Amino acid sequence: MSNRWPVSRRPIPMNSSIMLLVLLGVPLIGSVVLAFTGDRKFAPEINIAGSAATFAAGLGLAVEVYLQGPMLAGSKFFFVDAFNVYLAVLTSFVSMTTAIFSRRYMRSEREHGRVGHRRMRFYHAMFQLFIFAMLLCLLTNNVGVLWIAMELATLSTVLLVSLYRTPTAIEAAWKYFILCGVGIAQALFGTVLLYFAAEKVLGEGGEALLWTNLNGVSGSLEPTVLSLAFVFLMVGYGTKVGLVPLHNWLPDAHSEGPTPISAVLSGLLLNIALYALVRCKVLVDGSTHTHHAGDIMMGFGILSILAAAFSLLRQKDIKRMFSYSSIEHMGIATFAFGLGGPIATFGALLHMLVHSLAKSAIFFTVGHASQMHRTQEMEKIKGLFRGNPLVGWGLMFGVLAIVGMPPFGIFTSEFLILTATIKDAPLWTPLLLLGLGVAFAALLRRLQPMVSGEVPPNQQPMKVAHVPVMLHMTLVLIIGLYIPAFLNQWFHTAAELLK
Amino acid sequence: MSVIPYLIELLQVIILLALAPAFIGWVRMLKCWMQGRSSAGLFQPYRDLSKLFAKDVVLAENASWIFRFTPYLVFGTAVLAGGIIPILSVDLPLAPTADVIVIVALFAIARFFTALAGMDIGTAFGGMGSSREMMIASLAEPAMLMAIFTVSLTNKSTSLSQIVHVIYSGQTLLRPSLAFAFLAFVLIALAETGRIPVDNPATHLELTMVHEAMILEYSGRHLALVEWASMMKLFLFVMLGIAAYAPWGIAARGSFTAVPLALAFMIFKLGAVGVGIVLIETGLAKMRLFRLTEFLGAAFLLATLGMLSFFILD
Amino acid sequence: MDLQTAAQINSFLAALVLLTAFGMLVQKRIYGLIHLFAWQGLFLSMNTAIVGFVADKHHLYISSVLTLSLKVVLLPYILHVLIHRLKIHKEVETVVNIPMTMLIGIALVIFSYHLTAPVRELSTLITRSTLAIAMATVMIGLLMMITRKHAVTQIIGFLALENGLFFAATSATYGMPLVVELGVALDVLIAAFIFGIFFFHIHTTFDSLDVEQMARLKEADSDE
Numbered sequence: 006m007s008n009r010w011p012v013s014r015r016p017i018p019m020n021s022s023i024m025l026l027v028l029l030g031v032p033l034i035g036s037v038v039l040a041f042t043g044d045r046k047f048a049p050e051i052n053i054a055g056s057a058a059t060f061a062a063g064l065g066l067a068v069e070v071y072l073q074g075p076m077l078a079g080s081k082f083f084f085v086d087a088f089n090v091y092l093a094v095l096t097s098f099v100s101m102t103t104a105i106f107s108r109r110y111m112r113s114e115r116e117h118g119r120v121g122h123r124r125m126r127f128y129h130a131m132f133q134l135f136i137f138a139m140l141l142c143l144l145t146n147n148v149g150v151l152w153i154a155m156e157l158a159t160l161s162t163v164l165l166v167s168l169y170r171t172p173t174a175i176e177a178a179w180k181y182f183i184l185c186g187v188g189i190a191q192a193l194f195g196t197v198l199l200y201f202a203a204e205k206v207l208g209e210g211g212e213a214l215l216w217t218n219l220n221g222v223s224g225s226l227e228p229t230v231l232s233l234a235f236v237f238l239m240v241g242y243g244t245k246v247g248l249v250p251l252h253n254w255l256p257d258a259h260s261e262g263p264t265p266i267s268a269v270l271s272g273l274l275l276n277i278a279l280y281a282l283v284r285c286k287v288l289v290d291g292s293t294h295t296h297h298a299g300d301i302m303m304g305f306g307i308l309s310i311l312a313a314a315f316s317l318l319r320q321k322d323i324k325r326m327f328s329y330s331s332i333e334h335m336g337i338a339t340f341a342f343g344l345g346g347p348i349a350t351f352g353a354l355l356h357m358l359v360h361s362l363a364k365s366a367i368f369f370t371v372g373h374a375s376q377m378h379r380t381q382e383m384e385k386i387k388g389l390f391r392g393n394p395l396v397g398w399g400l401m402f403g404v405l406a407i408v409g410m411p412p413f414g415i416f417t418s419e420f421l422i423l424t425a426t427i428k429d430a431p432l433w434t435p436l437l438l439l440g441l442g443v444a445f446a447a448l449l450r451r452l453q454p455m456v457s458g459e460v461p462p463n464q465q466p467m468k469v470a471h472v473p474v475m476l477h478m479t480l481v482l483i484i485g486l487y488i489p490a491f492l493n494q495w496f497h498t499a500a501e502l503l504k
Numbered sequence: 201m202s203v204i205p206y207l208i209e210l211l212q213v214i215i216l217l218a219l220a221p222a223f224i225g226w227v228r229m230l231k232c233w234m235q236g237r238s239s240a241g242l243f244q245p246y247r248d249l250s251k252l253f254a255k256d257v258v259l260a261e262n263a264s265w266i267f268r269f270t271p272y273l274v275f276g277t278a279v280l281a282g283g284i285i286p287i288l289s290v291d292l293p294l295a296p297t298a299d300v301i302v303i304v305a306l307f308a309i310a311r312f313f314t315a316l317a318g319m320d321i322g323t324a325f326g327g328m329g330s331s332r333e334m335m336i337a338s339l340a341e342p343a344m345l346m347a348i349f350t351v352s353l354t355n356k357s358t359s360l361s362q363i364v365h366v367i368y369s370g371q372t373l374l375r376p377s378l379a380f381a382f383l384a385f386v387l388i389a390l391a392e393t394g395r396i397p398v399d400n401p402a403t404h405l406e407l408t409m410v411h412e413a414m415i416l417e418y419s420g421r422h423l424a425l426v427e428w429a430s431m432m433k434l435f436l437f438v439m440l441g442i443a444a445y446a447p448w449g450i451a452a453r454g455s456f457t458a459v460p461l462a463l464a465f466m467i468f469k470l471g472a473v474g475v476g477i478v479l480i481e482t483g484l485a486k487m488r489l490f491r492l493t494e495f496l497g498a499a500f501l502l503a504t505l506g507m508l509s510f511f512i513l514d
Numbered sequence: 004m005d006l007q008t009a010a011q012i013n014s015f016l017a018a019l020v021l022l023t024a025f026g027m028l029v030q031k032r033i034y035g036l037i038h039l040f041a042w043q044g045l046f047l048s049m050n051t052a053i054v055g056f057v058a059d060k061h062h063l064y065i066s067s068v069l070t071l072s073l074k075v076v077l078l079p080y081i082l083h084v085l086i087h088r089l090k091i092h093k094e095v096e097t098v099v100n101i102p103m104t105m106l107i108g109i110a111l112v113i114f115s116y117h118l119t120a121p122v123r124e125l126s127t128l129i130t131r132s133t134l135a136i137a138m139a140t141v142m143i144g145l146l147m148m149i150t151r152k153h154a155v156t157q158i159i160g161f162l163a164l165e166n167g168l169f170f171a172a173t174s175a176t177y178g179m180p181l182v183v184e185l186g187v188a189l190d191v192l193i194a195a196f197i198f199g200i201f202f203f204h205i206h207t208t209f210d211s212l213d214v215e216q217m218a219r220l221k222e223a224d225s226d227e
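Residue numbers (this note's numbering), protein chains in the order written: chain A, 6 to 504; chain B, 201 to 514; chain C, 4 to 227.
For the record, the hints were derived by calculation from the structure and aren't laboratory data.
Treat each hint with caution, since some may be false.
Said to hold, decoys possible - Computed from the model, here is a short list of chain B residues facing chain C with C-beta under 10 Å:
(1) Leu259
(2) Ala260
(3) Asn262
(4) Leu501
(5) Thr504
What the hints assert, rightly or not - Simulated DEER-style distance windows between Cβ atoms:
(6) C:Asp213 <-> A:Glu384: 27 to 37 Å
(7) B:Ala485 <-> C:Asn100: 52 to 62 Å
(8) A:Arg115 <-> C:His61: 48 to 58 Å
(9) B:Ala485 <-> A:Phe82: 23 to 33 Å
(10) C:Gln7 <-> B:Ser419: 43 to 53 Å
Quantities reported herein were computed from a predicted structural model and do not represent experimental measurements.
No residue lacks a Cβ here, since even glycine has one placed at the ideal position from N, Cα and C.
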């Protein structure tokens, strides 16, 4: 079970290393550049250009991996396989569309005086730094550096959440900082324990922390130590995924910052934390040969689904509501990864993809909707169809997608996961259905008054970013109707690797 | 059947009786020096005691037998405890029964009767002193026992002579458990003997008194005995600490010739401890009564940590 | 220095680290907290240096110097400056009273001893017995964050937690590889700057650093 990683031994082709360099270098350099020029007129354009370049590099790397299989680079420091390159492409894509959205959105915020010069510079610089941290997290082979990048990603967004400097924003950022900091400290302890177990087999030094090495020898790592390590890693990275009961920071942090940040936090960072968790789970499974780690993940997943679904019924703030929806969907993905098996893993990977796209699209529309009404309370947002059809229809399709209505992609992934649950863990099925059902009802109930009805007097017209929303929703729809062959193949490969 | 242990025993008791006032005198002298006053001399406690012995006893009308009996009891327990704690040598006839728990129990009896005597007459201050003393005791006792247990865990016995013996033969130089237990013991000793920061022995304000309040009504030879006993209590606590944590110099089993050397060591250590006590007393202020929970809680905490680190680290 | 003496010194320093952790738990004055934190960092770096010397791992010297400069000099200095600028003089309020906190701390020490038992059995290092102490320091840092109501003490609790983790790394595995240690140190430094900035924001917005003030999101939220 441990040596199923056919890592390519031939010399690394030049273009892959270049693409890797671009992928990581552009955001980093962009961050530095924007730190100085972030408040100029063309700053958002630089942001978009940088993200586009990153995306192109990501695509190129993905094609390489698709054609030639997993590869190591940078003297084993980087490892690219189907699982993380797919997430890297997703991350760079959503960052690009968010950058496009951010252009219109932040301009409006600037005009209303909510953000000043220095803060714009800070915002742009941190945005790119955040992308860098996420990509580093995905592509590194070293479990320790994974941790460092995760922490860096958290730190770069903490001050962004409190960008508006209102009491609630500062409180949200503080909670985010403290709770995620504590969580990630637990993950560090888990990493130390992992290193402890690895040292015995692989010797000291950086080699013992490389995931490829660890995976190769996972059969000979001490099961007791790895189980203990997994508990800490679960608590640590699970906090960042937003699993209940460690989720307290999430609704606050995702609802208080500027909407582009909410979009990338909900859409991307949660995925990356889940990625880290799954990588660790593979190691633990290889060592203990029991379903223990998977069971823990399933338990946390179901708990998150149910708790989030019921919380959805009581929300009044629109962004908060959708943050709880993120918790629920991450719970579904965690549950599916915990369940294991080809169908469930395929479903989970697909779910990560479509949830990212749909949730960020929702946040785009929600951002504009709240800008139009100058409030985030759902009671006060009305008449979106009449007021701004793009926002109205975008929101409606987004919500329909996120509750799992066919023909959108989430229906496919949830269906797959449900099938796998019925097959492998039938007793959990009613709970899963309950959660999905409650979320369905809760979200649709809220959607109706917001999109229909008369336009309220205080609604302001505005120029919205068309492209991101339409692009995302189209993709979700396409994937729901027909999964392209390469995507199918991609997921299968990834699912294989995660067994 | 050697008579030497008995001689050593007798010698110890005599030294206890004779030197306890001198130790108090030394502490008071140092305190005066630190505070820039001129002291009354090393032998002033002796003069105080002889003055008190010469005076008449004034008894309240409603004093019961407890009131009259307590000074003798307190004095007796102090002397008995002095016979158990290895001051000069571990070679004592009472050594087999000499247990730290016995010592704690002896002091507890003394405290119990003093508290009763304080309430006996029915004055307000007496009762107040008794209740305060009991509160401190209830917090200090567990901590004291915990500190003692830590030492006995390390040395695998609760007999003091055995403890000293083991410390001599072993390499217990830097054991964290003993370090913790020692710190705890210092705090508890301050509480039990009524020194600052727990209780100010030199106070004349009744509302701030703890120990003094209980013995307010005593006079004449009763007061002399009680005072002498409290001097001996301080002396004995210091000796206990030295025996448990720094016993080098105490004569080992069966050697009579080491006793004078032990005496010299003892005097030297007493001097050093006196300096320590005075530094603590001058540096700290007396704590308010309700802060004592934290103080003694900290002592308990340290003692427990000592015990835990024995299991964890040693 | 032979192995036995080194192990004893190691245990002794570990005990001192635990003592400072408890000291921070019960300390009420903010300056006292910072001083105790500095002492903890000092004991930690001394311990790392000794382990590096005995086990012949030179990268531990670098870690030791890093800890020294970061946690004994830089962070306490930053905290001092912050407290001075923000004019924080009050004592710290606690949620649970001090003796209770101490008892919970003791319980946590026992718990972490049990928790790290499997690792201790497998380890062959001279520092294996201190893993329980390191875990206990982490938990006490966590306890400090939970039972305090002041933003500065929450941060100091967080830093104490990091200290414990660093100590755990040294106890279990003679320290992580250097690149990881450097990365962690970098993260801690960035975190330090961020919380420094935070304090100013909090102080400007709430006019105090009492975290009880920051409970609005709880109420504004629909009965969370």
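A quick look at each hint next to the structure:
1. Interface restraint check: Leu259 of chain B against chain C, minimum CB-CB distance 41 Å, threshold 10 Å, status violated.
2. Of the supplied interface hints, the one on Ala260 of chain B is violated, with its beta-carbon coming no nearer than about 39 Å to a beta-carbon of chain C, more than 10 Å.
3. Because the beta carbon of Asn262 of chain B sits about 39 Å from the nearest beta carbon in chain C, more than 10 Å, this interface hint is broken.
4. Here the hint on Leu501 of chain B is kept, as its CB sits about 5 Å from the closest CB of chain C, short of 10 Å.
5. About 5 Å separates the beta-carbon of Thr504 of chain B from the nearest beta-carbon of chain C, less than 10 Å, and the hint is met.
6. The given range of 27 to 37 Å is respected by Asp213 of chain C and Glu384 of chain A, whose C-beta atoms sit roughly 32 Å from each other.
7. Range check, Ala485 of chain B to Asn100 of chain C: Cβ separation about 22 Å, and the 52 to 62 Å hint is violated.
8. Here the CB-CB span from Arg115 of chain A to His61 of chain C is close to 53 Å, well matched to the stated 48 to 58 Å.
9. Distance hint check: the CB atoms of Ala485 of chain B and Phe82 of chain A are about 60 Å apart, inconsistent with the given range 23 to 33 Å.
10. Checking the proposed 43 to 53 Å range against Gln7 of chain C and Ser419 of chain B shows it is violated: the Cβ atoms sit about 60 Å from each other.
Violated hints, listed in ascending order, are 1, 2, 3, 7, 9, 10; each of the other numbered hints is respected by the structure.
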